[in-house]
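Put the complex together from the two separate chains, hints included.
As a plain string of letters, each chain reads:
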Amino acid sequence: MIRLLTTAAVLAGLLPGAALAQGMGGDPKDRLDWPGSPTDRYLTSDELRDRLHAATDGFFACFRASLRSKPEGGASVTFVVDREGEAGSIEVDRGKAPESLVPCVQQVVAGIEFGAHDGDPLDVSYPLVYEVDTRGARILPYPIVFTRPRPVRLPLLGLPLDVTPGELRMLELILTEDAPAEPEPPPEPEDSPAEGEAVEPASDDPAAEGAE
Amino acid sequence: MDHLPAEADDYDIGSLTSRIATVETRLEGRVERLLARVFRDFSSGLVTRLVDLDGTIARAGGEPAPLDTDVLEGKSVSFRVLPSGELLDSSGWAHLAGAGRGGDLVSELLLQTVMRLPRDVPRVGRPVPSSYRVRVPVDAFVTRDQNWIVAFEKAEAPDGCRGCTAISYRGEITETGKDKHPARPMKITGKGTVSGTMVLSRGARALLQHDFAFDWERTVESTRSNGTLRGRVKQTERVVGSLRAEDGK
Chain A
1 MIRLLTTAAV
11 LAGLLPGAAL
21 AQGMGGDPKD
31 RLDWPGSPTD
41 RYLTSDELRD
51 RLHAATDGFF
61 ACFRASLRSK
71 PEGGASVTFV
81 VDREGEAGSI
91 EVDRGKAPES
101 LVPCVQQVVA
111 GIEFGAHDGD
121 PLDVSYPLVY
131 EVDTRGARIL
141 PYPIVFTRPR
151 PVRLPLLGLP
161 LDVTPGELRM
171 LELILTEDAP
181 AEPEPPPEPE
191 DSPAEGEAVE
201 PASDDPAAEG
211 AE
Chain B
213 MDHLPAEADD
223 YDIGSLTSRI
233 ATVETRLEGR
243 VERLLARVFR
253 DFSSGLVTRL
263 VDLDGTIARA
273 GGEPAPLDTD
283 VLEGKSVSFR
293 VLPSGELLDS
303 SGWAHLAGAG
313 RGGDLVSELL
323 LQTVMRLPRD
333 VPRVGRPVPS
343 SYRVRVPVDA
353 FVTRDQNWIV
363 AFEKAEAPDG
373 CRGCTAISYR
383 GEITETGKDK
393 HPARPMKITG
403 KGTVSGTMVL
413 SRGARALLQH
423 DFAFDWERTV
433 ESTRSNGTLR
443 GRVKQTERVV
453 GSLRAEDGK
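If you're matching them up, the sequences are chains A and B in order.
Sequence positions in the first sequence follow the numbering used here and run 1 to 212.
Sequence positions in the second sequence follow the numbering used here and run 213 to 461.
Next comes chain B alone, as it looks inside the complex (with noise of 0.2 Å):
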């Protein structure tokens, strides 16, 4: 809590920050991907599912509490996307968002089920430099903006993988965010750094592994109703993730 109003003098701050402030979540399961449509310049409308989640909760370095997943079980997001990953649309974020719904724990994760290839394959010693925007569409009035500048380079496959590409990535993130809602006038702006491996397999032509991670700084910010600041929360956040093909396909 960077700034609190003083309309917080009323409320006891101190407990409600020892139970949000320092929380690590893990989550496992699987994620369903089914090609629901072609459109017609090529581009795919795949439905991306969360399915058998299972998870853990942590507060302040203490012992992992089993998770009640059951609000993100069966969730899913439909991308539009290019072959080359490119993200054209997005649409069912309005089904994760809100607090106690599970998006935030999930939106990375589903965004890098797409993530998109650069436009040349690296050579070594020779990084191939990228940025584009993603938005997220949450719903009517919220929607998050995001700047990624990447650079992917040449990785090592792993040991045994035969006919495997690697490919790795590193970069920045700008974020920035706004809830339009009139009874919750809120912005947010985001800073990150994100790295990860890709593994792909060239006979098969698709992705077998790719791990990730994501260090985020965010500040989210409410104003009143004459737009002055009402309250800020700044956030750090770090997200590890890793997806992995079944069956090695």
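Chain A with its partners taken away, still in its complex shape (with noise of 0.2 Å):
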């Protein structure tokens, strides 16, 4: 047992002490999809939010020249990041700020560059909160972006590829929905039952029917 301990403990000493806090998984940052990774060729929101935030001089000037007088609040945009990294239809949800805003804002958000990737053009919308003091506006950078997530359909069953809307949603209600069945009334027992007094349930109760 001693010279397992040692055996051990000179093992320990030997490794390096990131490789043991790494633990059995290895680095998180080995993953291929680890945030920032060079290998994943798709956009996350934690990549769009470290674009975000790095345009935060960008947001600051456009509220510092907008805003001297209005009280704190809120503002956002919502843009989509094409397949080329390019952001488009951008609007601007301006709040209480002035109109002049606006095109500030977009031309901030134009010319951020996210990058090309892989995936289906990105719905995002980013908060852009602001607070005034004596010192003009301030751009608060907001922790989170938020996208809009692709609704996956029956991942595990292998369809047509152009498979309709229609037929979709058919074997959807069919194979995954689980539609309440409709109440049928109970049939009318030969001899009704003086009042208050229970009723067995039928053995063919829609209820029952789950426990095919």
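No lab work stands behind these hints: they were computed from the structure.
In this text the structure is predicted, and so the values were computed from the model without any measurement.
Quick reminder that beta carbons are idealized off the backbone N, C-alpha and C, glycines included.
What follows is a set of in silico ranges between Cβ atoms, one per label pair, in the way DEER data are often shown:
| hint | chain 1 | residue 1 | chain 2 | residue 2 | range |
| --- | --- | --- | --- | --- | --- |
| 1 | B | His-215 | A | Val-129 | 48 to 56 Å |
| 2 | A | Arg-31 | B | Asp-266 | 28 to 36 Å |
| 3 | B | Asp-459 | A | Arg-83 | 25 to 33 Å |
| 4 | B | Arg-347 | A | Glu-91 | 37 to 45 Å |
Chain B stretches covered by chain A per the calculated footprint, using a threshold of three residues with CB under 8 Å from any CB of chain A:
| hint | segment |
| --- | --- |
| 5 | 220-229 |
| 6 | 248-257 |
| 7 | 284-290 |
| 8 | 303-312 |
| 9 | 394-406 |
| 10 | 431-445 |
Not close to chain B: a few residues of chain A, all C-beta gaps over 10 Å, as computed:
| hint | residue |
| --- | --- |
| 11 | Leu-48 |
| 12 | Ala-54 |
| 13 | Thr-56 |
| 14 | Val-80 |
| 15 | Gly-88 |
| 16 | Asp-93 |
| 17 | Val-102 |
| 18 | Phe-114 |
| 19 | Ser-125 |
| 20 | Pro-127 |
| 21 | Leu-140 |
| 22 | Tyr-142 |
Structural data, given as structure tokens:
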């Protein structure tokens, strides 16, 4: 036992501390989908957030130029990142901020390079939270970027590429949606029980249909 | 459709199955592969993209019609592989998964781009048996696991291919998968056979050609919220594919 412990201690001494800290799964940065990993050709919300945070100075300049005395509040910008990594359909919800903020924020977002990616065009919404004090407006980098997730439908079923929305919906309704069965009126008993007397449920009760 | 729930009575199952039951899809295109990263264990991070796709679809032996492949164009999957072809990790499947996305059409092809090699070079009459697992992490809810039991054999290199080595393989695959999404609780079990031939260039140390065929029998079952069977679909699929290196390199 002592020899075993000694061997373990020697081996532990040989291993660098970082390797021990990584655990059996290795360094999480070695994952292919680790945010910012160059191996992944898809944009994640983390990568979008990093690029938007890098543009905070631009947003700050817009707010400082447009706001002087408005109370603190919120605005947001929504846009679509196409596969070339360019932002389009940029719309600004300015909240209580003046109209002059809109073209400025649109220009900042249009200037961000998100990088070409292999995914579908990405709908993005980013809150622009600002506050105004004696030194002017300040923009607070928002920690979350909102993207619209794409619904994944029947991923285990092999289906033709040109399956129509109607066919797909029919398959989903048949296979996956636990729609409650229509309650049927209980069969009329031959001898009606007295009021308040319990009635045994019928054996073909639709509620028991699921247990097939 | 092997087992249908009572809810299916409300729908015209006949017209649905006539549209989706027997379908033959043909895809042609290019597979771009680029080395994106070398990991500390000398495994490679490879991005494999599908580009310049063209396809046709035919139903129940009918005439093939053009297939819109835009949804697949430019899609990629990243693989982390050892030099032997052993697949350590993959990502990007989520962008191909789901009905109407085409992932099921190309998943075998994409996995075959990183086909692993036998541990020894097979000699005539001395096949090299091998077994391994392949995990496809589709997304946070869906995973598919395959067990491969194959035997590699030495094969005849094509005529005129100087300095080439050919290895053929044949074997069986079993597959299990689960969709843990609460709105679509489903599971899949599959059994298939695989065969193929790889032609490698000894000089260029590269794969020149890889022809393969799969014959799958899969069963997809959906369950109700109380865990009982709701529906069962049995699918038979034959996948025939060929990968060829451009410019013979």
